[in-house]
Structures are given as structure tokens and as C-alpha cells.
Amino acid sequence: MSIFDYNGGGIVAMKGKNCIAIGADRRLGQQMKTVSTNFKKIFRMQDNILLGLGGLATDIETFSAEMEYKLNLYNLRENRKLKPTAFVSLVSSTLYEHRWGPYFVSPIVVGLQDGTPVISTYDSIGCTTDTENFAVAGTAGELLYGLCETYYREDIPAEELVEIIGQILLAGCDRDALAGWGGVVYLLTTDNLHIRELKTKQT
Amino acid sequence: MDTVFGFVGKDFALVATDCGVAYSIMRFSDTEDKIMAVDDNKLFAMGGEIGDRLNFGEYIQKNIHLYTFRTGIKLNVREAANYTRSELAYAIRNGPYQVNLLIGGFDEEGPSLYWLDYLGTLQKLTRGAHGYGAYFVSGLLDNWFKPDLTLDEGIELVKKCINEVQTRFLMSQKNFVVKIVTKDGIRVI
Chain A
1 MSIFDYNGGG IVAMKGKNCI AIGADRRLGQ QMKTVSTNFK KIFRMQDNIL LGLGGLATDI
61 ETFSAEMEYK LNLYNLRENR KLKPTAFVSL VSSTLYEHRW GPYFVSPIVV GLQDGTPVIS
121 TYDSIGCTTD TENFAVAGTA GELLYGLCET YYREDIPAEE LVEIIGQILL AGCDRDALAG
181 WGGVVYLLTT DNLHIRELKT KQT
Chain B
204 MDTVFGFVGK DFALVATDCG VAYSIMRFSD TEDKIMAVDD NKLFAMGGEI GDRLNFGEYI
264 QKNIHLYTFR TGIKLNVREA ANYTRSELAY AIRNGPYQVN LLIGGFDEEG PSLYWLDYLG
324 TLQKLTRGAH GYGAYFVSGL LDNWFKPDLT LDEGIELVKK CINEVQTRFL MSQKNFVVKI
384 VTKDGIRVI
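Chains as they are written, first to last, in the working numbering: chain A, 1 to 203; chain B, 204 to 392.
In isolation and in its complexed conformation, chain A is listed as follows (with noise of 0.2 Å):
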């Protein structure tokens, strides 16, 4: 078994009009068994800034914390908040500094710069793919791309994107053994952030 689906997970995100959306399963898990229906793989790191973590679970609360860290110090010393595209390098170059040790984890950033929706996605390494239009990670990636494909358009209007975002990360993750156990999905606009619970079968 990969070490990349050792505690299992999906995370899906989405481009709207002015608006994105990021949403993962709650499971964590250690291969079949599953420990926690809680566990956080999407963290806010500035008020336009979001970070979706699949992979290896340890490697995804320490890399984290390191990009916090880091976004922190950049604040500190610039004075001013950092750039959704700025934010993209630098999970890219942090990732390359591990590149002969790296942190298992398939990271997606999503983010608002001046209303418009920026989404990268990355491999364990921080080779970027900028996507015009949705990016999955996790165990259940493959299985959420199809239910992606379909439902995109382009300028989904904001309440739209969070039910699709909902009704992709279900059907996707109900599909994968390794993902699932409830969902979370994080509603990013140019006014706020709306948190939505997702209740499952087995939540």
C-alpha cells in the first residue's frame, strides 16, 4: 500500500463567479481501520487564502503548520498580507526544499486575489498545476474528477457551488473505501467564509 493512502481522504475544490470553493471527507484512518470521523484537512490561512492537504496525515498537520509559520514571518517582516499567487509559490518552494525527504501530502491552494479565483494543485514535490477549473487530491481523487467533469460550468454563482461541491464530495468519497465518514465544505467570497457540515450515511 502507498504511503499516500495510508490514512485515506478526498478533497475537491471549484472555481465560481467571484467565489470558490474547497471541500474534504472527515475520515482518518489507518488503512481499513478508522480512527476519527474529525480529523481537519482544510485550514485557513488568511482571510482569501485556503489549504486542502491529502495524504499522509502526520505530514499533513506538520506541513501545515510549517506554510502558517512561514506565512506568519511574511507578515511580520512585509508588513502586508500575502497574495494568493505569492501563497502558491511558496507551498511550491517549500515543498522542493523537502524534495530527497518529502512530506506525503497532495496539497490544493485556493485562494481569492481581487475577487478572481486562483486553485493549484501540487505532487509531493511542489510541481505546481495552476487549473482553470477544479482540482481533487486524496485516495479519492480519481473517483471525484468524473462527478467534477460533469457538474462544472463556467460562473457557478456562490450558493450553487457550495451544493455542488457537497453533492460531488458524497457521491465521490462514497465510492472510496478510505474517504468518507462526513464532509466539510469552505465557501470562499469576496465578503466571507461560510463553513457548511456535511452529514453522510455514517457521520
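What the hints contain is simulated information worked out from the structure, not anything from laboratory work.
Treat the hints with caution; some may be incorrect.
What the hints assert, rightly or not - Output of the computed footprint for chain A on chain B, the stretches with three or more beta carbons under 8 Å from beta carbons of chain A:
1) 282-296
2) 319-331
3) 334-346
Stated by the list, open to error - DEER-style ranges, computed between Cβ atoms:
4) 281/B - 102/A: 27 to 35 Å
5) 270/B - 154/A: 53 to 61 Å
6) 289/B - 195/A: 22 to 30 Å
7) 270/B - 192/A: 36 to 44 Å
8) 266/B - 152/A: 45 to 53 Å
Unchecked claim - Here are some chain A residues the structure puts well away from chain B; computed CB gaps all over 10 Å:
9) 28
10) 39
11) 43
12) 61
13) 78
14) 92
15) 112
16) 113
17) 129
18) 130
19) 160
20) 174
21) 181
22) 192
23) 197
24) 199
Just so you know, these numbers come straight off a predicted model, no measurement behind them.
Glycine included, every Cβ here is placed at the ideal spot set by N, Cα and C.
Starting from the known structure of chain A, arrange chain B on it as the hints suggest.
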């Protein structure tokens, strides 16, 4: 393989471990206490490689005490758990400790239980278990657990879990140690 399990009640946190120490095909001891008390309101129930368990347990305990001596501030359970996680997460890439822990404690936030594995995965839970025993005990904990368990109900649940492991687990685990933390401190059951 060590069985470690625990859960949170109304005003207490309970952890239990087996007492067996194995070496190759031999059982060295069945009176080992694998639950370490840190300060007077935290219990570290540890399972795993015995050398790592003793070494890591003492290392964390002493460092937590050192923090109190240096700063005069006592760490609460959440802080102690996060500190332990950071040590494990650092060690996993430099010289891993093969120790899985359950940290049970009582502080101003009430009773709490933290599940940590040797990789440095931390999760706050109401009930949790490590080792092969976890496979036997998880179902019982899920079924009989409810929020606000009284101490008597808790002890009943522990007896059910211990019974199950002793009946069904391949390795004989004769003795168990059960300890609780309440607002009044640590007690052995």
C-alpha cells in the same frame, strides 16, 4: 502487541493498558505499568517497543516538567498533546520512536482524550484504542459509549472491553492497568 484503550466520561478521562511484556516467543512480565503520570492531571498510556516507550515516555515527562520549572506555567492537556506530537513528528524522519499513545487528562476544558500514533498523527477523540486490541475493543466502545458516562458505567465498559480482549485475542493478556483522571487528580482502579 500492546493493547491500549481509553475514553472520556462526564468528569473523568479513563485509560487502560495490558501488562504484558514480550520478548521473542517469551513473556518477560505481566505486571508492567504502561501508563505514566505527567503532572497531576495527565496520563500517558503508551504501547509499542518497550525501549522506545520507556525512553520517550520519560523524555516527554521530564521536558513537560522542565517547562513548568522554567516558566512557572503548567501545560494543559491540549498543549502537552501537541508538544508530544511535534516531538514524534520530528523523530519520525530522524530516528522514529515506535510508540503509540493515548493521552487522557483533565483540565479547565474538562476531561479529554488525545490519540497519537508513532508517525505523529494527533486527534482529539472521545474514545480510542491502539494495537491489535483496538480491533476487538472499538466496536464495544462505539456501542456502549454515550456522552456523560458516569464512573460506574465507565468501569462496566472497561470490564467488557478487557473481557473481550482476554477471550478473543490470540495472545494471552492476563492483567490490565486502568487509571482515571478527574478534577481531583489521578487514581488507579
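Evaluation of the provided hints:
1. Check on the region 282-296 of chain B: 5 of its residues sit with their Cβ under 8 Å from a Cβ of chain A, so the three-residue criterion for coverage holds.
2. For the region 319-331 of chain B, the proposed coverage by chain A is satisfied: 9 residues have a C-beta within less than 8 Å of a C-beta in that chain, meeting the threshold of three.
3. By the rule of at least three residues with a Cβ nearer than 8 Å to a Cβ of chain A, the coverage given for the region 334-346 of chain B holds, with 3 such residues.
4. With their beta carbons about 29 Å apart, residue 281/B and residue 102/A fall inside the hinted range of 27 to 35 Å.
5. As the Cβ distance of residue 270/B to residue 154/A is approximately 54 Å, the hint placing it in 53 to 61 Å holds.
6. The given range of 22 to 30 Å is respected by residue 289/B and residue 195/A, whose C-beta atoms sit roughly 27 Å from each other.
7. Checked against the hint of 36 to 44 Å, the pair residue 270/B and residue 192/A passes, with Cβ atoms roughly 38 Å apart.
8. A hinted range of 45 to 53 Å holds for the C-beta pair residue 266/B and residue 152/A, which are about 50 Å apart.
9. For residue 28/A, the shortest C-beta to C-beta distance to chain B comes to about 6 Å, within the 10 Å cut-off, and the non-interface label is violated.
10. Listed as a non-interface residue, residue 39/A fails to keep its Cβ farther than 10 Å from every Cβ of chain B; the least gap is roughly 6 Å.
11. Residue-level check passed: residue 43/A sits 14 Å from the nearest beta carbon of chain B, beyond 10 Å.
12. The Cβ of residue 61/A does not lie farther than 10 Å from every Cβ of chain B; its closest approach is about 6 Å, which violates its non-interface assignment.
13. Residue placement check: residue 78/A keeps its beta carbon more than 10 Å from all beta carbons of chain B (closest about 27 Å).
14. At roughly 21 Å from the closest C-beta of chain B, the C-beta of residue 92/A stays outside 10 Å, upholding its exclusion from the interface.
15. Distance check for residue 112/A against chain B: the nearest CB is about 30 Å away, which clears 10 Å, and the non-interface claim stands.
16. For residue 113/A, the non-interface assignment is confirmed: its Cβ lies about 32 Å from the closest Cβ of chain B, beyond the 10 Å cut-off.
17. The claim that residue 129/A lies off the interface holds: its Cβ sits roughly 26 Å from the closest Cβ of chain B, which is beyond the 10 Å cut-off.
18. Even its closest Cβ contact with chain B, about 30 Å, leaves residue 130/A beyond 10 Å, as expected for a residue assigned away from the interface.
19. Distance to chain B confirms residue 160/A as a non-interface residue, since its nearest Cβ pair spans about 33 Å, more than 10 Å.
20. Residue 174/A, annotated as away from the interface, keeps every beta carbon of chain B farther than 10 Å; the closest lies near 21 Å.
21. Residue 181/A, annotated as away from the interface, keeps every beta carbon of chain B farther than 10 Å; the closest lies near 13 Å.
22. Its beta-carbon lying about 27 Å from the closest one in chain B, residue 192/A satisfies the requirement of being farther than 10 Å from that chain.
23. Chain B leaves residue 197/A outside its interface by the beta-carbon criterion, the shortest separation being 17 Å against a cut-off of 10 Å.
24. For residue 199/A, the condition that its CB be more than 10 Å from all CB atoms of chain B holds, with the nearest at approximately 18 Å.
Violated hints, listed in ascending order, are 9, 10 and 12; each of the other numbered hints is respected by the structure.
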